[in-house]
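Please model the entire structure based on the sequences and the hints provided.
Quick mapping for you: the protein sequence lines, in order, are chains A and B.
Numbering-wise, numbering that gives the first Met the number 0 puts 44 at position 45 of the first sequence, and it's gapless, one number per residue.
Numbering-wise, numbering that gives the first Met the number 0 puts 79 at position 80 of the second sequence, and it's gapless, one number per residue.
A hint or two may mislead.
Label-pair ranges, simulated between beta-carbon atoms [what the hints assert, rightly or not]:
(1) A:45 x B:277: 40 to 48 Å
(2) A:51 x B:294: 13 to 21 Å
(3) A:7 x B:246: 49 to 57 Å
Stretches of chain A that chain B covers, calculated by requiring three or more beta carbons in the stretch to come under 8 Å of a beta carbon on chain B [what the hints assert, rightly or not]:
(4) 23 to 30
(5) 36 to 42
(6) 45 to 53
No lab work stands behind these hints, which were simulated from the structure alone.
Please read these numbers as outputs of a predicted model, since none were measured by experiment.
Even glycine gets a Cβ: it sits at the ideal position worked out from N, Cα and C.
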Amino acid sequence: MESPSADDVIEAFTDILEHQLSTGNAVEVPGLGTFAVEHRPSAVQTEDDVRRLLPPRNEVVFTPEQDA
Amino acid sequence: MSNTSIPPLLAERLDISEERARSLLDTMVEELRERAETDGVQLSGLGTFREEDGRLTFQPSPTLRRRVNRPYEGLSAESLSPSAAPEEADSDAESADSETPPFLTRKSSAEEEDAAPDESGDPEPPSDDQDRPPTRPDADERSVDSFALISLILAGLFLLGAGWFVVNQTSLWGPTENATPSTTAETPPDPTAGSAPADSVPGSQPESSPSATKDSATDSEPTPAVRDWTIVVASSSSRSAAQEAADTYGSRFDSVTVVPGTVDNTTWYRVTIGRYTSETDAERVLDDRADALPSDAWTHQLE
Chain A
0 MESPSADDVI EAFTDILEHQ LSTGNAVEVP GLGTFAVEHR PSAVQTEDDV
50 RRLLPPRNEV VFTPEQDA
Chain B
0 MSNTSIPPLL AERLDISEER ARSLLDTMVE ELRERAETDG VQLSGLGTFR
50 EEDGRLTFQP SPTLRRRVNR PYEGLSAESL SPSAAPEEAD SDAESADSET
100 PPFLTRKSSA EEEDAAPDES GDPEPPSDDQ DRPPTRPDAD ERSVDSFALI
150 SLILAGLFLL GAGWFVVNQT SLWGPTENAT PSTTAETPPD PTAGSAPADS
200 VPGSQPESSP SATKDSATDS EPTPAVRDWT IVVASSSSRS AAQEAADTYG
250 SRFDSVTVVP GTVDNTTWYR VTIGRYTSET DAERVLDDRA DALPSDAWTH
300 QLE
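Here's what the structure looks like:
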């Protein structure tokens, strides 16, 4: 079996992360940290007397590994 | 939300052992952390890693942000006027509780207004009175006007009926066989009367009926391709605001529509342009017409 190249590893790493996060799963990468998706509900934001309605959204959150 | 460990998935994807995948991953992570300490590392389609104040940070790429926000694509922040804001917030809260779209909430308040004249005893307001404001003084005036109008209509109908009776009895239009067509001519809304004149052959009536023609036309129609992809150019939690935006784009594009969608139990109205059979087609138009579209226009698959 041929050993995968660095590009193959990076591409697979990226695809897996994208897929897992888009389906709502958190991904733990040893030595790096944990990627997760957090939901932010719709909210009214006030700045300089201007009120804005923010739509709901998902946010990618990264928590670095402490010991690394 | 489940927590997934990446080495087994990487091993499966690269068709290697998990031990080998873990080794390759360690090498990649070590390299990534070293580069992040200096000028950052950008992984295409994923994001950028940087070391800031001794802490590793990650900034997701627009592609990744879009991917995790598929259910909310095309939704953007909107300004609320100070007076309208509480109402909007209230309607959102109501819709979140009862899953009732805002436009239905507004409709129910309109129904309450329409109910006021009924409570005052107005028997049947004519259609030309519907545009009047439903205040009680006007309702009284309308009651008088309605009575006079109905009386006139009844009197007219009576005179028509009396005239018809006299004409039939005196046989002014010849034999009674011809009286039937004249009656048919006075009732144009009845489609069966029009398709079945008195001298037509009874057996031919079902074959020439409009419904039969309609059925044969329906059978011959080809099945259209599913065009469930579109381009979202604006969004709002208010239908009227979305319609205003749609009117703006309507002068530049052919098929501009406002599409309601429920997100987090709240109805949002997306302003969409075009219908396409695939995401690729929608993205091609997005690229070709980039100069006429807003920078945050997104492709979107309709449910």
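Consistency of the hints with the structure:
1. A:45 x B:277: 40 to 48 Å: Roughly 42 Å apart at Cβ, these two residues keep to the hinted range, so it holds.
2. A:51 x B:294: 13 to 21 Å: holds, 18 Å
3. A:7 x B:246: 49 to 57 Å: Because 51 Å falls inside the window, the suggested range holds.
4. 23 to 30: It holds: at least three residues are needed, and the segment 23 to 30 of chain A offers 8 whose Cβ sits within less than 8 Å of chain B.
5. 36 to 42: Held - the segment 36 to 42 of chain A has 3 residues with a Cβ nearer than 8 Å to chain B, which meets the minimum of three.
6. 45 to 53: holds (count 6)
Consistency note: the structure conflicts with none of the earlier hints.
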